[in-house]
Amino acid sequence: MRRRPLYPVLGMLLALCGCAGTGPTASLAGLDERPAVELTEVPFHPQQRYQCGPAALATMLGWSGADTSPETLADRLYIPARQGSLQPELMAQARQHGRLVYRIPAEPHALLDELQAGHPVLVLQNLGLRWWPVWHYAVVIGYEPERGELILRSGTIRRHRVRLATFLRTWKRGDSWGVVTLRPGQLPASAEPRRYLAAAFDLEASGFGAPAETAYRAGIERWPSYPGLRLALANRRLATAGPAAAVPILEQGIAAGAEDGALYNNLALLLAELERWDEAKIYARRAVRAGGPHLDEFRNTLDEICRRRPTGRCAPQEPLS
Amino acid sequence: MPFRTCFHRWLTAYVGALFLGCTLALPTAQAGMIGTQAIVAQEQLEAQRSELRDFLARDAVRAQLVAWGVDPIAAQQRVDSLSAQETELMLQRMRELPAGGDVLGAAVFVFLVLLVTDILGFTDIFPFVLGPDER
Numbered sequence: 001m002r003r004r005p006l007y008p009v010l011g012m013l014l015a016l017c018g019c020a021g022t023g024p025t026a027s028l029a030g031l032d033e034r035p036a037v038e039l040t041e042v043p044f045h046p047q048q049r050y051q052c053g054p055a056a057l058a059t060m061l062g063w064s065g066a067d068t069s070p071e072t073l074a075d076r077l078y079i080p081a082r083q084g085s086l087q088p089e090l091m092a093q094a095r096q097h098g099r100l101v102y103r104i105p106a107e108p109h110a111l112l113d114e115l116q117a118g119h120p121v122l123v124l125q126n127l128g129l130r131w132w133p134v135w136h137y138a139v140v141i142g143y144e145p146e147r148g149e150l151i152l153r154s155g156t157i158r159r160h161r162v163r164l165a166t167f168l169r170t171w172k173r174g175d176s177w178g179v180v181t182l183r184p185g186q187l188p189a190s191a192e193p194r195r196y197l198a199a200a201f202d203l204e205a206s207g208f209g210a211p212a213e214t215a216y217r218a219g220i221e222r223w224p225s226y227p228g229l230r231l232a233l234a235n236r237r238l239a240t241a242g243p244a245a246a247v248p249i250l251e252q253g254i255a256a257g258a259e260d261g262a263l264y265n266n267l268a269l270l271l272a273e274l275e276r277w278d279e280a281k282i283y284a285r286r287a288v289r290a291g292g293p294h295l296d297e298f299r300n301t302l303d304e305i306c307r308r309r310p311t312g313r314c315a316p317q318e319p320l321s
Numbered sequence: 001m002p003f004r005t006c007f008h009r010w011l012t013a014y015v016g017a018l019f020l021g022c023t024l025a026l027p028t029a030q031a032g033m034i035g036t037q038a039i040v041a042q043e044q045l046e047a048q049r050s051e052l053r054d055f056l057a058r059d060a061v062r063a064q065l066v067a068w069g070v071d072p073i074a075a076q077q078r079v080d081s082l083s084a085q086e087t088e089l090m091l092q093r094m095r096e097l098p099a100g101g102d103v104l105g106a107a108v109f110v111f112l113v114l115l116v117t118d119i120l121g122f123t124d125i126f127p128f129v130l131g132p133d134e135r
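Top line first, the protein sequences correspond to chains R and A. Position 98, counted from 1, in the first sequence is what my numbering calls 98; the numbers after and before it change by one each time, with no gaps. Position 100, counted from 1, in the second sequence is what my numbering calls 100; the numbers after and before it change by one each time, with no gaps.
Note that these hints are calculated values from the structure, not bench results. The model shown is predicted, which means the values in this text are computed figures rather than measured ones. The C-beta atom is built at its ideal place from N, Cα and C for all residues, glycine as well. Treat the hints with caution; some may be incorrect.
[Claimed, not checked] Computed spacing ranges between beta-carbons, pair by pair:
1) R:GLY128 <-> A:VAL66: 39 to 49 Å
2) A:VAL110 <-> R:THR40: 46 to 56 Å
3) R:ASP32 <-> A:TRP68: 38 to 48 Å
4) A:PRO72 <-> R:ARG307: 39 to 49 Å
5) R:THR40 <-> A:ASP59: 45 to 55 Å
6) A:ALA67 <-> R:TRP131: 26 to 36 Å
7) A:GLU88 <-> R:ASP32: 29 to 39 Å
8) R:GLU144 <-> A:ALA84: 35 to 45 Å
9) A:ALA67 <-> R:GLY148: 35 to 45 Å
10) A:PRO72 <-> R:ARG158: 19 to 29 Å
Chain A on its own, in the form it takes in the complex:
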């Protein structure tokens, strides 16, 4: 059927053109441009890291780290090398605890410090935490 073939060919071309048009009309991020998504993700990671750093910088936490022979500066540096996912996991675990306000209960406190040193690979107490060497 010449008519049908012809019609099909036109249809194909039309749909093709439509598709191409749509593709071109979509906002294509240029190569090398840093997208908003990436910026937001990076900002979030920075904020989470600074939350962890603030925790490690508390006098009581520092003292406990030192008492256990962990260099607080090394611990801080390790925080910066955690991936986004690990940072998120760590904060999540910390927030799940009823460690309200500025006064940390002694038990909560010990748990938190152990958790932190676990993630940083200085201790290996909690099975759900993978140290740097186990990843």
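The shape of chain R in the complex, shown without the other chains:
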């Protein structure tokens, strides 16, 4: 009840928000200094009525070497009642073609970084207004700084030129949603290790284990000391080839400077599996010392190893050194 008086005030505040400047801001700085680029080899599929989603995705997948067409995709993607497709479904479909789907950061430099790395970007635009949205999927394939224009494969136009500032407004109205769809092993130019791991794991979880493994390995090469990718690859190797295949991946991670409780914990359990008890104990202790959200599991691991260890004393309660 005491809340009610605030509603009109907030309503007014929100109404004002709509007018608050959402135009080009500081993030535009330096864009005119970026070199020109056009990915002419990206195919073009002119869209049928409303079907910009399937057409844009077919463009992306065709570029990455997957064999498909807008018609095939439309059956799985197009939702007649909505006269369109949804982003999660587009991403799922790209994964079903064994592609790594990575959402780029919501800022224009990331978009240009991808273009310069040779990766077209699938974007969602709101061509209308916030309160009267006109949703549209297109593929950004080029940039011409001297004219201040982006080049898109869009709708029925093969080389659709849009002023950068205009594009950025329509893109922002679509929540600045943009993805690259890459062959596993290729890295997005704007990749960040945590989100890259999530993208690669989505591929594994979609049933593409081997491509995901390739993606994990490429990521490890790029970020050798990032523990998440090592853990993911080791888990995958454990599932397909057993503990002896998984151990070196984690050991190399530690040698490269990865420090992480979960990594120590998993390594300890794998070493125990191989009956390398002394090392197992060392890593189990390190895991407990590292702590973190999985600390309870780490303690269990240490207890378990101490219990199963055939020789030597190993009281889990003895001080950690």
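Dock chain A against chain R, hints included.
Same frame as chain R, now just chain A:
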């Protein structure tokens, strides 16, 4: 029918063995191993928390919190104790606003700070937000 009974028994055994075989062939996560799913979820939560922390660490936000008698450090700590679901909800609400770029409109700004303090339980303005005591 001895033949049928026998056949059925064989069939049962065969299907059973097949099932057992499949079960064994599946990659079973060993007890205590931290799975990739858990790692990804944890990483995501960390990233979201740091986004919220960055928001709270903005000078303007800090100043506003102080002006309202909210200790910025306490607010930061409360962010770390939010569950994954609450963190997600909070970020979602923040992103729905047209608070583009580095320059926050004054109105957007007030709304955001109120939203944050609501979720953290310092204020209780928006009905859709459950404070820590109401959960």
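Each hint, compared with the structure:
1. R:GLY128 <-> A:VAL66: 39 to 49 Å: 41 Å, holds
2. A:VAL110 <-> R:THR40: 46 to 56 Å: Given range 46 to 56 Å: holds, Cβ gap about 49 Å.
3. R:ASP32 <-> A:TRP68: 38 to 48 Å: Given a distance of about 42 Å, which is inside 38 to 48 Å, the answer is holds.
4. A:PRO72 <-> R:ARG307: 39 to 49 Å: With Cβ atoms ~46 Å apart, the hint holds.
5. R:THR40 <-> A:ASP59: 45 to 55 Å: 46 Å, holds
6. A:ALA67 <-> R:TRP131: 26 to 36 Å: Cβ of ALA67 of chain A to Cβ of TRP131 of chain R: about 33 Å, so the range 26 to 36 Å holds.
7. A:GLU88 <-> R:ASP32: 29 to 39 Å: 37 Å, holds
8. R:GLU144 <-> A:ALA84: 35 to 45 Å: 43 Å, holds
9. A:ALA67 <-> R:GLY148: 35 to 45 Å: At 42 Å between Cβs, range holds.
10. A:PRO72 <-> R:ARG158: 19 to 29 Å: 53 Å, violated
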